[in-house]
Structures are given as structure tokens and as C-alpha cells.
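Chains as they are written, first to last, in the working numbering: chain H, 1 to 785; chain X, 786 to 1069; chain B, 1070 to 1232.
In short, the hints are calculated from the structure, not lab data.
Do not rely on the hints blindly, as some may be mistaken.
Taking CB as the label site, the calculated pair distances span [said to hold, decoys possible]:
no.	chain 1	residue 1	chain 2	residue 2	range
1	H	A428	B	R1188	40 to 46 Å
2	H	F398	B	G1104	25 to 31 Å
3	X	L831	H	P399	30 to 36 Å
Quick partial rundown of chain B residues pointing at chain H, CB under 8 Å, derived from the structure [claimed, not checked]:
no.	residue
4	S1071
5	Y1085
6	Q1138
7	D1140
8	C1208
No residue lacks a Cβ here, since even glycine has one placed at the ideal position from N, Cα and C.
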Amino acid sequence: MSTQSKGMSWVGRSIRRLEDPALVTGRGYFTGDLAAAHWVRFVRSPVAAGRIVKIGAPESAMVITAANLASVKPIAPLLHKFNYKPVAQPILADGVVRFVGEPVAAVVAASEQEAEDIADAVVLTIDETAAIVDGRAALAADAPQVHATVPGNVIVEGAHKTDGFDAAWARAHRIVTVEARSHRQNATPMEPRGGHAAYDAASGRITLTCATQMPHLMRTAIADLIGMAESDLRVIAPDVGGGFGQKMSLAAEYVLLVWLARQYKSSFAWREDRRENLIAGFHARDQYLTLAGAFDADAKLIALKADIIANVGAYSCFPTTAGIEPLMAMAELPGPYDFRHYECRARGVVTNTCTIAPYRGVSRPVNAFGLERLMDKAAAAFGLDVVEIRRRNLVDRFPYTTAYGLELDEASYRQTLDVVAKAIDLPAFRARQSEARAQGRHLGIGFATFCERTGYGTATFVERGMAITPGWETVVVSVDQSGLVEARIGASPHGQGLRTTLAQIVADELGISPDMIKVVHGDTDRAPYGWGTFASRSLVISGGATLIAARKVRTKLLKLASHILEAAPHDIVLEDGTAKVIGTDRSVPIATLAHEAHTQSHLYDGIEPGLTDEGFYDPPGTFSNACHVAIVEVDIETGQVKIEKFLVAEDAGRIINPMIADGQVHGGVAQGIGNALLEEIIYDDTGTILTASLADYLPPTARDVPEIDMHHLTTPSPNSVTEAKGLGEGGTIGAPAAVINAINDALVAFGVTIDEIPATPQRIRAALRNLSSPSPLWGAEKGGV
Amino acid sequence: MKPAPFIRHVPKTLDEAVRILGAVAAEEGRVLAGGQSLVPIMAFRLAKPAHLVDINEIAELGRMSNDGKMLRIGALVRHAAFHKPVVDNPLGHLLAAVARAIAHYPIRLRGTFCGSLAHADPSAEWCLVAATLDATLVAHSTRGARTIAARDFFQGIMTTALAEDELLAEVRLPLLAPDTRFGFNKFSRRAGDFAMSAALAVYRLQDGKMTDVHLGVGGAEPSPRRIPEAEAVLAGQAPGDTVFRAAAEAAAQAVEAMEDHQTSADYRRDLVRAVVRRALEQSA
Amino acid sequence: MSEKTAITLHINGRDYAIAVEPRRTLADAIREDCGQTGTHLGCEHGACGACTVLVDGEPVRACLMFAVQADGKSIRTVEGLADGDTLHPLQQAFMEHHGLQCGFCTPGFLMLAVGVLEREPDISDDDLLDVLSSNLCRCTGYQNIVKAVRAAAQQMRGNRPAR
Ligand SMILES: Cc1cc2nc3c(=O)[nH]c(=O)nc-3n(C[C@H](O)[C@H](O)[C@H](O)COP(=O)(O)OP(=O)(O)OC[C@H]3O[C@@H](n4cnc5c(N)ncnc54)[C@H](O)[C@@H]3O)c2cc1C
Ligand code: FES
Ligand code: FES
């Protein structure tokens, strides 16, 4: 960051968000707020698998089916590695349906309710075929095949084995195993998805306004599928009511809206309702994770074996593909632990369920849950406390190359652990725990240490073999002649407060206050091409590009000022909206400099006219880290878990706005608690979804989330020009592991283990009720090798 | 998620309402009270009534009265009316304790006591109260008024003794003796969710012994009901941990627990055991 | 489509004469027919509270009421919360305590909190937490919402004219 002679730096301060005034007064502008000439309602498959025999539409109704869309390509993302088998998802089901909720037809009417009335009257005749719902069952030789192009239902398969693995495994003093099961979740942004496509008669262009995290890629993809010029499509992401990954993938519904607008030269809108969102708005985290860790006599992990079965649903999401969960799991499973040998098999398995797509944390909540269970089980097997086992195994030298080959930059794995261990006072807790136990109350404590790869550029996506390799970002910073600054970015925030944090970065460089800076995003006509907001990348990559662009503008401002003030650039500071010569009262307003740069450029030899510069950034990635601790009480009669305390020690490098950073952690932890205890998408064996309302799918409420005790560490990243690391997903990654470990700790006296999320009261009670039949894992662990 | 079309009727008197209901009942006519159960069902289009008889403008149905023996609750009395005790009698306190557990504040401002009974969700708190306290329900139709005992009223999941042209105009709850003790416990996944099991224990404490015991369980069977096996365990005994546990066990054994994909009958019985004991503990 | 009924909604002190089908929910009427899109829809089945508005001073789920039922009633929505350019203490507190991220749930939380605090200014912290658990927020983890509402409650009590 620039060092200024005086005046406070904006970076590092909890300034109020620039986004808020509009949002608290009801002046936010969301996709669903737009009026349209036509409303679209999708008729969705009521069955999980079958052949469409007939779509019986009421006469005179406007009903679009696959037959109308012959010219539109299906969604078929590619992966060039990992034995990926391409599958094609038609915009509307074309002869075959593969999950309950799949769009089969689209009804168009003048209002939403009329469209729904007509959709209600559409009669689908579908020849039901056998459905496969469970990811593990889908691997059976006789399992129904979801796609003819995917024999055996394995759509993607990764494998990794370090040299010398077998020899290391043979040296094990003790093997500890975990069979972890993560059930299916839905990211559940409070605003469901939705789109609005409008034809502009003057230009012949289409504007698609939609709740997306990736406006530019939506433009590219939709134009390609429809076969139109990309420049004829403008995509706007207005205020977006949360996304958490769900609004990153291409929605087939949006393609149809653009097609309709083009075909009929009018405006067409669709607002996803909550039921649609729950059944068809992308799911996540449906995995089986089997781990075995080989430990030496000092309880040091020497080798890890992992088998990952990720149920990826019926299709492959665009752009990340069905590889996203299994491959992310394979690469990042080793986490912050120091061991040299790793064998992993990771399979993505197609089933007759809603397509899986990224959701905050992508796989890592499941990875951390498995690995942290392994650590706790190892601690028990070795008679160590849960802090000590981690202390012995965490990476403490940097850079460190993991057993999969990722390079961990400088971080504070042990320090964060020590900070929370001290804050929680583990011995005191143990005393309280045994007192409580004597009174029949069952408290438990759970730790989770993890790292989170953030802000990674193109190299990572190339490594994954993605046909589309996102990663870089461009930012254009310009100063207009009134002295206002605009930063146009390719990232597309939807609640993260990026308009504020990027303004803080620019403010320090240009010596003006953040409210003079407008961050423009979410409009492909206004913002430079970029990849949007996902994978905890925006602050690192867009922030880095912003800093680079702002520095260029700063250099130019100093040059101009040096001409006007007749002083050397290094004697000039930018502050309070002016350029000043240090130690004098000579100064010139930045607005004047901007005016000169635009209208008097002939006076400034060797300085390019205008005050616009571009920053480009494509970093290698940086790992933020945290340690979470949960203290829970388990009601053993009902199986209900109450979280009594939650601590987080977080290290995301340099923090631009602590208030916003804490908010990201709070929200992440709340979702992690939901993952751990409450949220589960449930299908019955026929593929019918049983959790299609918010009375059945249960996000946490204010009563379910405790106050979070935050601790901060700061290890600036050498891999990030702002020294900031990303932290958007961390809360979600650590919380399930901490909560599950705490539940198991509370139940240790009973000798039961819960290795399933969510740990519902039903599951906990079932484990306690079956006390008489001891868990096989328990036996294996005690036996060791 | 928009309701299907319907014709709305807005009677101003009970008589008028009953007349209209009589006329439209056969054509899928329904009463609209607080709408807190009916409207969600209509939004999912699980119900598509062709006519709604909106009773919200019938002032006489908003009344609550007490003749020293009975508390009479009109069809428009909302859950929130019970936030504070409505009568200076243990019943007022009981209703206040239960009301707070129902749904959420904004829903309690709209939802009605009688609507809850008519809807007959197996988990509904007011249904449990009515069943436990042997409420009397008053149904009106063009054929006249009749009273129905709570025990006969609840006939299964969302099924009641009301004929389709009958309007539940009033529910009558007996005032409780001054020496009445009560306890209520509800188990739900989150605050404000429907109970997975709930128990209400009401008895008189005379000479240190429990008499006139009413022990009701909701959410476990298709309808809430009193559990005679558990009441028998308690009657004539002094309150205490051992007898409470025995009663809880008796209740758990007595219920024919509902099962669903997530919840086994065993688990439901576990919950019954827990909520009954806890309700009893609270009463003591 | 069925017959439309002419009704008048008094929203934030202004009359909106509109014609709606009986099935039109109050939330849809406020948004679509009266153009006040600050009130949001997150579920349309009473589970999330994003649509919370005040009807005759009571916070209600506008997706569970029909517009015709609000004919002639006084309705307050988030757009009417500020007094000109002066924000309501709750709006101020939400900004100061970072009680919002994407802002989609915010109008519902604001109206819920205003409704409750105006009706029960001395509500206990614990009861307030119960009330706030009526609505869902997916971004904030609630901690800052709770903080903001408690802070505003204090301030609103302070502003109360002495009795
Ligand atoms: C998110 C949420 C959570 C909830 N949680 C709970 C909970 O924990 N516990 C609980 O008990 N309830 C809960 N409810 C339901 C709520 O209490 C309802 O208010 C209640 O069940 C129905 O009352 P109502 O007046 O709203 O009836 P309505 O919704 O208007 O009607 C319900 C049904 O009863 C019929 N009906 C209504 N009144 C009469 C009458 N007088 N005569 C004949 N028929 C009539 C209607 O035709 C309809 O079929 C919840 C609701 C929501 C949305
Ligand atoms: S939209 Fe009304 S409660 Fe969710
Ligand atoms: S701020 Fe996004 S849902 Fe609450």
C-alpha cells in the first residue's frame, strides 16, 4: 500500500458499507423487481427418470418444448482430464427426464399467476423408468444408467498416489479410519434465482438481467448456445440476494429467456419460486468420504488414504463441471497437515437427482469434517488431547508443498490453534464437562483446523483440466473531471461488500475518501470482462487488479501534479482530494488534475491523455487459515444439539475492512452450523424429493446460531499484492467439523460415533439407542495394526 | 407459487357466513380465518378452493368470554391474544405458556385458535390443549349449531368431525380449579417449527396428591389425545421423579407413533418419553 | 383469471387505488400493483419473513394475506421507514452494526423489528431473540442483526416521550 506522509489509511478500517443506504431504505434493485410483458413458468418433471411420451398442453396456450429449441445447443461443459465423460443437458428435457424438477416445458403468459394456471393444466405423460438416487448404489454393476454416455455412472475419476506410498503405509504404527457421510444440501440464498430478458428494438440487442455471480460468462455461454453474437447480449447482475455458489452455474432457464426475447422481440421474465429452488436450483455436498490414516508411534500422520464418492446429480454444471466436488476434494483434502504420502481415488457419480454445483466451501466442508474426525479419533487412539494431536501434525514451515502438490504459503496453523485453545481454557472446560456429566448433562468440545485456498488464478483451473479456465481479473480505474473515481471490475459481488472494500483500496492510493469512489460491476456493457465472484477470489484478485490500476493512476496524477506544482513527484502526496507538496501550502485539487489530463493534454508532454488505467491480476493463490472451536450440549434423550459457544481464530492476511471480514465469517459459520445439524435435502428411493419447502429444509434461525467469539491473526500473503487472503468460504468449511467433533466428544462416554452430517436428533438418538451393538470402527481403532 | 383463483365472500355476521358456506361448500368452498395454514397450502396449490368464506370481518367471532365455568373463544380470536393470561385462572396462564411456543410472532398475530383446531395438524399446540382439557367445540351450519367433544373432533391428520358446510364458531375450555398445576413441553427442530412431539400435563394437587389428571400428547399420533395409561400412573400419587418417569414410559409405550422417512416410530416414542417427563417436571 | 376487485391500499401514507384478483397476495399487490418493491419474497409460504410489513401496526407475513383483506388498512413498508432523509434508528443501526450483507432479507427484518419494538418497547433481550428467529437471513449469521436491533431498541426507548 502507499505510504502517505500523514492522514489515516482507509485500508484496515471498519468503515460503513457504501452498499447499505439503498438496501436499508428499500431502494435496492433486484431481478424480481422488473416488470415484464411476458412471464414464464416451467413445467417440471414429477418423476426422477423416464421417457416423455406426451406433453399435453391446453389449446391456445403458449407452451415451449424441446421441439421448439432445435437450434439451441444443450449445456455440455468439458473437462479435458480425469477420464471425464461429457453429458449434455438440453435446455428443456428432450425425450428423457433425469431428475424430479427438470424443466420439461415452458409456459408463457401475461402474468405469473396465469402462467402457473396454464402450467397446472399441462398434462405430462411420462413412461417411468428405474431411478438411481444414492451415489454409492449408482456404482453397482446392475444400477440403472443415467446417461448412455456414462457407463457405470462414473462421470469423472481422479486418482493420486505418491511415490513410496506403500512403503510408508507399511511403516504405520497405527491405522485410524473414518467413514464420513455428508448428505445433500442446498445453498438457499434468500433470493431464489430469476431472470428477465428484454429485446431492444433500436439496437436489436437483448439485455438479460439475472441473479448471477458470473455475468460475463453467462453472456459468453448463452450467446454460444443460442448462436448469437456475444456483443448482442448484455447481461446485468443487479443487486443479488446471496448466491453462495448456487448463482454461479448457468441456469438452463436463463438460456430459454434470452431465446424467447430474441424470437418474439419482447420481454420475458421468470422468478424462481422457493420450491423450484429447493428441488432444481442446484444441490451440493452429497458425498461418501472414507479415510484411513497411517500414524507413526509419535502420533504423526505419515500417510493418508482416501476414497471419495461424490454424487453429482443428473448433469454436469457449467462452467465448473461435475468434476468440481470430487476433484476439489482430492486436491485439497490434505489440508494444513504435514504428511508426505497420499493415495486418493475420487469419483463423480451421476444419479437421478438435481445437479450438484459449487456451494460455499465446495467439498472442503466435507474434507475438513472427515480429516478432523480422523484427528480426533487418532487422539483418542493415542491417548492424546485433541489440541496436542493437531499441534504435532500441522504444517509449520513455509512454503510447504502438500502431499498432493499444492504449495501452502505463509500461514498460522499452529498459532490459530494455540490462540483458541488458550481462549477456551481446555483444562477448565474438561473440569466443567465432567461436573456436568455427573449431573447427566453432556457437553462436548470440538476443534477444526483447516486452510482455505483462495484467490487462485488461471493456473489452478488449467490444472483441473477445465475447458474454460477462469482466474484472472481486470479492473479499470478512471478519474472524471469532477474528481470522482470509477473502478470498473469484472468481479460480481452479491453481499460481500466489495464496493466498499475496493473503494478503500483505491482511496488510499489516490488520497480521496471512499465515498468519492464508485465501484461498477455486474453489467457486461460497463465492466471489463471478468469471471465474477466465487471461490473466495474477489478481494484478492479483483482487489489486486484494483490496486495495480489505482497505482498507475496515482503515478499519472503525481506526474501531472509535479508539472503544475513544479515539484518532484516524490515530494508530492495525494490526500484529501488534492495533490500537495510536502511541507508547503502548495496544492492542486485532483479534479483539476483530471480536468487538465482530459482537456489540456497538449500541455503535458510524455503523459498520455485522460486518467484511465487498467490493472490486470492473475495470482497463484494463497491459503487463509482458521481454527474453529465449538462447545455443544447434547440432549441425550432427544438427540438435540445446542451450540453453547463458538470460537474462531482466523488469519486472512491483511484485512481491508474488519467489520466486513467478520461478517463473512459469521455468515459462513451459520451455514456451517446448518450443514452440521439441520439442513438436508432428502429423496426417497424413487427419487421423489421430500424437502421441497422451507418447512422441511431447515436453515438455521437466530436461535440456532450462537454469538461467535472472533480472534484475529495476520500473516500477510506474499502471493497477493494487497497482502490480503480470501475468507469468503472459511466459516462454512470449519464449522461442521468443529460441531461434529464436539458432538462426538459429548458422547464419548457412550462409545458411539456420529460421522454423518447433518447430525440430526434422529441420527444421534438412533446411535444411542443401538448402544448394544458397538460400532465396527471403534473396534478397528482400538485394535490398531 | 401463486394460489389458484377463487371467489371471495366477506360475510359480516355468523349467520351470513354459515349461509354462504352452506351454499358454496359443495363447490370446494372453505373458511378463511388467519390464513397461516391455508394460504401456504394454496401457494403450493395443494388446495385450490373455488370459494373462500373470509370470516375476518365478523366482529362477533372476535369475542372471548368467560361465564365462571368456561372460557369461550370465538373463531377470530388470534394466537397472540393469549400472550398474556386472558383470565385470572390457571387456564389463562396455561394458554399463555403454550401460545408462546406456537410458530412465530407475526404468525401468532394472524393465526386463530379455532383455525388451528379446524386445520387439525397433529402437532398443533391448540389441538393438544383442546384434547387434553376436553374442550367443547361449537359448529354452526344452516342445519343449526351442534357441540362436539374434542375427543370426537380430531379424526386423523388434518381430518376433523366438521362437515364441509360447518363453521367452527367457538371453542369452550373449562376454567381450572385454583389448585391446578400444569406443565407443557414441546420438541421441535428449530424454535417456531411444528412440534415433533409435545405434551401437556394438567392436574390438581390435593393433599400433596395428583388428582383429576389430564395428560395429553401431540405430534406423535395422527391426532393429539389424552393418554389414559399415563394418567393412571399419576393419579393419586405425589409428584416426583419416579412417578413422572413411570408415566413418561407408559405414554411412550401407549402411543402408536407415526413414522416418516426421517423419523422412526422408536424415535417418536423417545420424544414422547422426553416431553411427557419434562412437562411433568415443569408442573411440579 | 377471476374477477378483479377495486381496493385501496394506504401504503406509507399514500393511497393506491388498484384492482386485484382475490387471490392476489398482499405482498404481490404491494410490489406489482403499487410498485413498492422494497418488500421482498423469499418463500411465499410463510417461512422466511422477507415479506414482513406492518398492517395496522402489526408485523405480518404479506405473502399469507390477500390484498383484498388489507383494503382500507394502513400499511407500512420499508420505503416508509425513514423520515425524509433521516433514517429510522433501526436503519441506522443495521448500517452501523453490519446487520446486512446482500440486503435481501433486510426489509423484512426491519419491519419485523419496528413492529415489535413499537408494540413492546420494553421487550426483553431474550424475547427479542425469539421474535428475530421468525425471519431467515442467509448471509449475516444473525449476530449483527441481533446487535443492531438491540442497539436500536435502546435508542428508541431513549427517544420515547416521558409519560
Ligand atoms: C412458518 C409457520 C410455522 C407454524 N408453526 C406452527 C406451530 O408451531 N404450531 C402450530 O400450532 N401452528 C403453527 N403454524 C400454523 C398456524 O398456527 C396457523 O395459524 C393455524 O394452524 C391455522 O389457523 P388460521 O387461523 O391461520 O387458519 P387458516 O389458515 O385460515 O385455515 C386453516 C384451515 O382451517 C379451516 N378453518 C379455519 N377456521 C375455520 C373455522 N372457524 N371453521 C371451519 N374451518 C375453519 C380453513 O378452511 C383451512 O382449511 C405455523 C404456520 C407457519 C406459516
Ligand atoms: S415470502 Fe412471506 S414469509 Fe417468505
Ligand atoms: S443479508 Fe442476505 S439474506 Fe440477510
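To see whether the hints hold, each was checked on the structure:
no., hint, in the structure
1, H:A428 with B:R1188: 40 to 46 Å, "holds (43 Å)"
2, H:F398 with B:G1104: 25 to 31 Å, "violated (56 Å)"
3, X:L831 with H:P399: 30 to 36 Å, "violated (58 Å)"
4, S1071, "violated (10 Å)"
5, Y1085, "violated (15 Å)"
6, Q1138, "violated (17 Å)"
7, D1140, "violated (19 Å)"
8, C1208, "holds (5 Å)"
In this structure, the earlier hints numbered 2, 3, 4, 5, 6, 7 are contradicted, and the remaining ones agree with it.
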